[in-house]
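Asker: This is what each chain is made of:
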Amino acid sequence: MLAAAVAVPQAAPSQTPPPDADLEAAREQLKTSAQQIAKVKLPAATEPAFHFKA
Amino acid sequence: MAKFNFTEDIFFSSISELSAALAKKEFSAVELTHAFCDRLEKLGARYNALALSLRDTALRKAKDVDRDFKLDRVRSPLEGIPYGAKDLLAVKGKPTTWGTKAYAGQVFKEDAQVIDLLDKGGAILIGKLSMVELAGGGGNRYPSASATGACLNPWNRTYWSGGSSSGPGAATAAGLVTFSIGSETSGSILGPSAYCGITGLRPTYGLVSRRGAMALSWTLDKIGPMCRSAEDCALVLSVIAGNDYQDPGSAGKSFHYAPQFARKPDEITIGYAAVDFDESATPETRAGFQEALKLVKSLGMRMKEVEIPDFPYTALVTMIIAAEGGSNFEDFIRSGKVDQLIERRQAEGLKANLEIPAVDYLRAMRVRALVQQAFRDLFLDVDFLLAPTKPNIAWKLTDRLDMPATPPKSRGISGLIPAANLAGLPGLSLPCGFASGLPIAISFVGRPFYENQLIAVGKAFQSHTDWHRKRPPVTE
Numbered sequence: 026m027l028a029a030a031v032a033v034p035q036a037a038p039s040q041t042p043p044p045d046a047d048l049e050a051a052r053e054q055l056k057t058s059a060q061q062i063a064k065v066k067l068p069a070a071t072e073p074a075f076h077f078k079a
Numbered sequence: 002m003a004k005f006n007f008t009e010d011i012f013f014s015s016i017s018e019l020s021a022a023l024a025k026k027e028f029s030a031v032e033l034t035h036a037f038c039d040r041l042e043k044l045g046a047r048y049n050a051l052a053l054s055l056r057d058t059a060l061r062k063a064k065d066v067d068r069d070f071k072l073d074r075v076r077s078p079l080e081g082i083p084y085g086a087k088d089l090l091a092v093k094g095k096p097t098t099w100g101t102k103a104y105a106g107q108v109f110k111e112d113a114q115v116i117d118l119l120d121k122g123g124a125i126l127i128g129k130l131s132m133v134e135l136a137g138g139g140g141n142r143y144p145s146a147s148a149t150g151a152c153l154n155p156w157n158r159t160y161w162s163g164g165s166s167s168g169p170g171a172a173t174a175a176g177l178v179t180f181s182i183g184s185e186t187s188g189s190i191l192g193p194s195a196y197c198g199i200t201g202l203r204p205t206y207g208l209v210s211r212r213g214a215m216a217l218s219w220t221l222d223k224i225g226p227m228c229r230s231a232e233d234c235a236l237v238l239s240v241i242a243g244n245d246y247q248d249p250g251s252a253g254k255s256f257h258y259a260p261q262f263a264r265k266p267d268e269i270t271i272g273y274a275a276v277d278f279d280e281s282a283t284p285e286t287r288a289g290f291q292e293a294l295k296l297v298k299s300l301g302m303r304m305k306e307v308e309i310p311d312f313p314y315t316a317l318v319t320m321i322i323a324a325e326g327g328s329n330f331e332d333f334i335r336s337g338k339v340d341q342l343i344e345r346r347q348a349e350g351l352k353a354n355l356e357i358p359a360v361d362y363l364r365a366m367r368v369r370a371l372v373q374q375a376f377r378d379l380f381l382d383v384d385f386l387l388a389p390t391k392p393n394i395a396w397k398l399t400d401r402l403d404m405p406a407t408p409p410k411s412r413g414i415s416g417l418i419p420a421a422n423l424a425g426l427p428g429l430s431l432p433c434g435f436a437s438g439l440p441i442a443i444s445f446v447g448r449p450f451y452e453n454q455l456i457a458v459g460k461a462f463q464s465h466t467d468w469h470r471k472r473p474p475v476t477e
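Chains X and E are the protein sequences, given in the same order. Numbering (this note's numbering) for the first sequence: 26 to 79. Numbering (this note's numbering) for the second sequence: 2 to 477.
Hints are not guaranteed to be accurate.
Said to hold, decoys possible - Pair ranges (Cβ atoms, derived):
hint : chain 1 : residue 1 : chain 2 : residue 2 : range
1    : E       : R412      : X       : P68       : 21 to 31 Å
2    : X       : E72       : E       : A259      : 29 to 39 Å
3    : X       : E72       : E       : M404      : 28 to 38 Å
The set of hints was computed from the structure by calculation and includes no laboratory data. Backbone N, C-alpha and C define an ideal beta-carbon position, used for all residues, glycine too.
Chain X with its partners taken away, still in its complex shape (with noise of 0.2 Å):
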């Protein structure tokens, strides 16, 4: 029954809420974050800081 598994819409696009305001504007600060953090220049053997450690 693959064919149960593909996603039919159920509402065409023009009937879908506009949306959220507090959800677009959570969006706005994450990518706005993103964008501030893209610029920071990082060499590339630079390792996350995992295993956090002080």
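We have chain X; now place chain E onto it with these hints.
Answerer: Leaving out everything else, chain E in the frame of chain X:
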């Protein structure tokens, strides 16, 4: 024994003062616990600071403590001292709501590790204290984002106590508890401490176990004391610090308060930026901050003007909390329970957290490694950084908290709260004056695991000031 008259002086006593009175049997632990429970239950609601009274269990424990005192047995410097804990810490068999009605029925089978350690040390937990729902992990827009309502500042109830350790800030400031336990991911101990006029210590990441605490960000969360003085912070930290193999972030270190081993002032270099005490602060706070700086300069420590390295600290903290918090609360968000949060902005913020690309989080964590190295380099030249904890007084209850801050003209050390949290550094906030009737505070930030020296510097400052002894106008 004649019935003791519990005056305001008792409710605003330090840990050492109360401990001495208990040892001298001026009153019993049961009497003291009764008095504090009465006060917390009566006045806690006045500030929306109380999440849950624990009178019954507190009185049972106070009886055990009195037995200890009769045998002249002292378990720790906190024996018999009444305290409160932020409602993100599990207390066995009692509701732990994390500040939201969505978790109103949540009950854990074990105490959080800090609660267990304090219990073993004889401290008396008299209540769970209010907090911003889910510690503001979705980015709360207003102070009212809490199951108990906006927590009111004891110095002026039209202002917020700060968050997310809102109840610990207000309850400690109003003398409803002798100390409290808060948590900080980025500013939640130091912020409310500054706004409420108390002394708050953010320990080095990994020094205090987070087992049994709500996780918001595994790599940023810390638990620490909110007290009346630097010395009280030391006494509490000496009980709650230590290795915990069940906390993956545990550093395997302990803390022993040893003021005798602290370096002398003339052996210490403080890094600061004059601009932080002037044009980077709001106009009403500048006179107070400049007085505080003058006083620090008079303590005999070497002072050196510095700037902290230029990184987008707020953006980094925002991204890391959002990604880790989104993962922590993924089931809660996907189940739709997230819509039970009081503030829609928080609910939508958490939903947006699930959309963060892995590369954005990883880049933030890679830049964080650079931040850590930059601070290691900075601490080759100075022992501590000094800055206003917050450049402003507390927010009004109606203020929006999510408005972008105006960047200062000169960088100075602004952004020290997110920066120091990213690097896992300890910080101590000390009241340093008032502006428009509300407290202001300075912070010292040190190298990792430098708490003993940090507290010594705080104690030196407080031995020359009495801001930490000021009491808000608490009336019934």
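Asker: How does the Cβ-Cβ distance of E72/X and M404/E compare with 28 to 38 Å: does it lie in that range?
Answerer: 35 Å, holds
Asker: Are R412/E and P68/X spaced within 21 to 31 Å by their CB atoms?
Answerer: 22 Å, holds
Asker: At the C-beta level, are E72/X and A259/E separated by a distance inside 29 to 39 Å?
Answerer: 36 Å, holds
In this structure, none of the earlier numbered hints is contradicted; all agree with it.
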